[in-house]
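Participant: My request is simple: use the sequences and hints to build the entire structure.
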Amino acid sequence: MKKTNIAIFVSGGGTNCENIIRYFKDSEQVCSALVVSNKADAPALEKAQRQNVPTQVVSKQQLNDATVMLPLLQQYDIDFIVLAGFLPLIPDFLIEAFPRRIVNIHPSLLPKYGGKGMWGHHVHEAVKAAGEKETGMTVHWVTPVCDGGGIIAQYRVTLSPNDTADDIAAKEHELEMEYFPQVIEKVITSS
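So the sequence shown is numbered by the numbering used here: it starts at 1015 and just counts up by one.
If you're looking for bench data, these hints aren't it; they were derived computationally from the structure. Heads up, a few of these hints could be off.
[Unchecked claim] Restricting the straight-line Cα-Cα distance to at most 30 Å, the calculated cross-link-like pairs of lysine-lysine (DSS-like) are: (1) 1039 / 1147; (2) 1053 / 1185; (3) 1074 / 1053; (4) 1147 / 1200; (5) 1017 / 1053; (6) 1147 / 1053; (7) 1185 / 1126; (8) 1142 / 1185; (9) 1126 / 1147; (10) 1200 / 1185.
Facilitator: In structure tokens form, the structure reads like this:
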């Protein structure tokens, strides 16, 4: 049986990216075949290279150019795309080329605290400011609407009134580390 080749799209530190690569390292069903970043200095690229996963940096212009992106993904025989802290919006042509084969992780319980400008620390600060009693992570399908795709899975964590935005971020990140690779695996192997 052919392995499902995934491309992991990243913009930053790459803790999720590295976690996903390690999770699937010995998988008989899923292979981390490529890491794509819109930032040449993203630490995620170095983490991927240390795990012997090919990397590619794409500019905003290249990301939005079907004649660049589709051949790149074909070159690595990509079947599925995972957004792991990738900030740019995915162009429509990629969503059409990979129908229900692009997932994203979001650091809140969507639909709360989603949409344009709501990423990373901005989300955790908004959760704190609203006095939420819980937060969590959401894995969802990618559609042309920012954070608007159908929810695949959500995991929750209880917050205390004394939690700072950094505490909230740490609690939510633990959920990502534990569950994101499992959700990816479940989506790929059940389709």
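Participant: State for each hint whether it applies.
Facilitator: Hints versus structure:
1. 1039 / 1147: 36 Å, violated
2. 1053 / 1185: 26 Å, holds
3. 1074 / 1053: 10 Å, holds
4. 1147 / 1200: Status holds; Cα separation ~29 Å.
5. 1017 / 1053: The given pair, whose Cα atoms are some 28 Å apart, holds under the 30 Å limit.
6. 1147 / 1053: With Cα atoms ~35 Å apart, residue 1147 and residue 1053 exceed 30 Å; violated.
7. 1185 / 1126: 17 Å, holds
8. 1142 / 1185: 13 Å, holds
9. 1126 / 1147: The given pair, whose Cα atoms are some 13 Å apart, holds under the 30 Å limit.
10. 1200 / 1185: 23 Å, holds
Checked against the numbered hints given earlier, this structure breaks hints 1 and 6; the rest are met.
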